[in-house]
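Model the placement of chain X on the given structure of chain Y, informed by the hints.
So the sequence lines, in the order shown, correspond to chains Y and X. Residue numbering for the first sequence follows this note's numbering, beginning at 1 and increasing consecutively. Residue numbering for the second sequence follows this note's numbering, beginning at 1 and increasing consecutively.
Derived by calculation from the structure, the hints in this document are not laboratory data.
If several chains are the same, the list does not tell them apart, and a pair holds so long as it fits within one copy or across any two.
When the alpha-carbon atoms are kept at most 25 Å apart in a straight line, the in silico PhoX-like pairs for lysine-lysine are as follows:
| id | residue 1 | residue 2 |
| --- | --- | --- |
| 1 | 28 | 40 |
| 2 | 28 | 46 |
| 3 | 56 | 129 |
| 4 | 54 | 40 |
| 5 | 54 | 28 |
Protein chains: 2
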Amino acid sequence: MPTSPTTLFADERAGSIYRTAARIIYTKGFEAASMSEIAKAVDLTKAGLYYYVKGKGELLFAIMSFAMDLLDREVIAPAQRIGDPGERLRAIVEEHSRLLTYDEGALVILMDEVGSLSPEHRSRITERKRSYFEFVRDTLDELAAAGRLHAVDTTVAAFSLLGMVMWLARWYAPGGRLAAREVVRDITEIALRGVLREGRPEAVSAASSAVYSEEVLS
Amino acid sequence: MPTSPTTLFADERAGSIYRTAARIIYTKGFEAASMSEIAKAVDLTKAGLYYYVKGKGELLFAIMSFAMDLLDREVIAPAQRIGDPGERLRAIVEEHSRLLTYDEGALVILMDEVGSLSPEHRSRITERKRSYFEFVRDTLDELAAAGRLHAVDTTVAAFSLLGMVMWLARWYAPGGRLAAREVVRDITEIALRGVLREGRPEAVSAASSAVYSEEVLS
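Isolated chain Y (complex conformation) (with noise of 0.2 Å):
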């Protein structure tokens, strides 16, 4: 397996260096943005840069590698670790959500601007981004296969509560009228009435991930 691009930049530099320019290239669109605008923004000579990343291209696959590493650690990797999939559903929504309440240009462009990588960095990614979408309706079949889900396609579910969840990148601004906390709370509550039969899904599936959980520690 190839070394993750992230350790391009392996200090903690980072993960500033790439939320600055995910902000830079989202703001003003990937090919207006110019590697010396980005490497001035990030305190880098753009030589500096350059040593760094080959090129725009190779910095835009390093920025969305980062923003899939996030992903997998605060999100699916948790969520992989929880056995009753009502509770995995409603982990990943909130999870999600809240990464997007705070972390929002890098993950924004990773949905828009594929059509700018090269064609192996865009088939990684996609692969990456078509492995989570899986992981999602995997949990919304085990549901429909247990009688807990509406009778609604899971295909469609799964796009349908990931689009809810990523559309935040879009709309929301931290710091203002609502709280990180109460869009999260709000976001999940919608997505899991939405397809879970289980009426308040809290009450159900805390009292049935008590018992999940065991198996899974055991």
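Frame of chain Y, contents of chain X only:
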């Protein structure tokens, strides 16, 4: 009120010209798409295309205005005639989803490319988008006031439902496994269940709609 740019191409080819141009701009990105390429794809000479629009920015504005006109005609205007807010919400989600299952390109751009518009054009498009958003949120506020909405913030709910619907443009492929009719039905189910208290929404809202529509018609 200024003439809508939709009238730039005031014949039946208008829709097809805007859709083709939208697809090219979406696929290549606004910066990379060239006017010659667009002209060729819509069977005009470059001079012919420039006869209608002054440049790529104006073409983009015309496409977005065309898309907003479609939204007005197919979604907003019919929904505004519905008295019962539950039925109105259903009509909004259903008709907007239906629109996106057959008219993907232009509406996708609408969301992404406002940054490429002139400030004046941008504010006109943003204003139309805001007014649609407020129509949806007002409908949710009406439902909340009648005790028919779950306890969620109506701004969060409006963005969540719209995000779910808008996301369609990014994933739905006409002619695939899922028929448009089924996708529209499932998205509407998920959206309405997510926010409305009234169980299977159609039953209740059909009943109350009978009452309210008389009021509207009288």
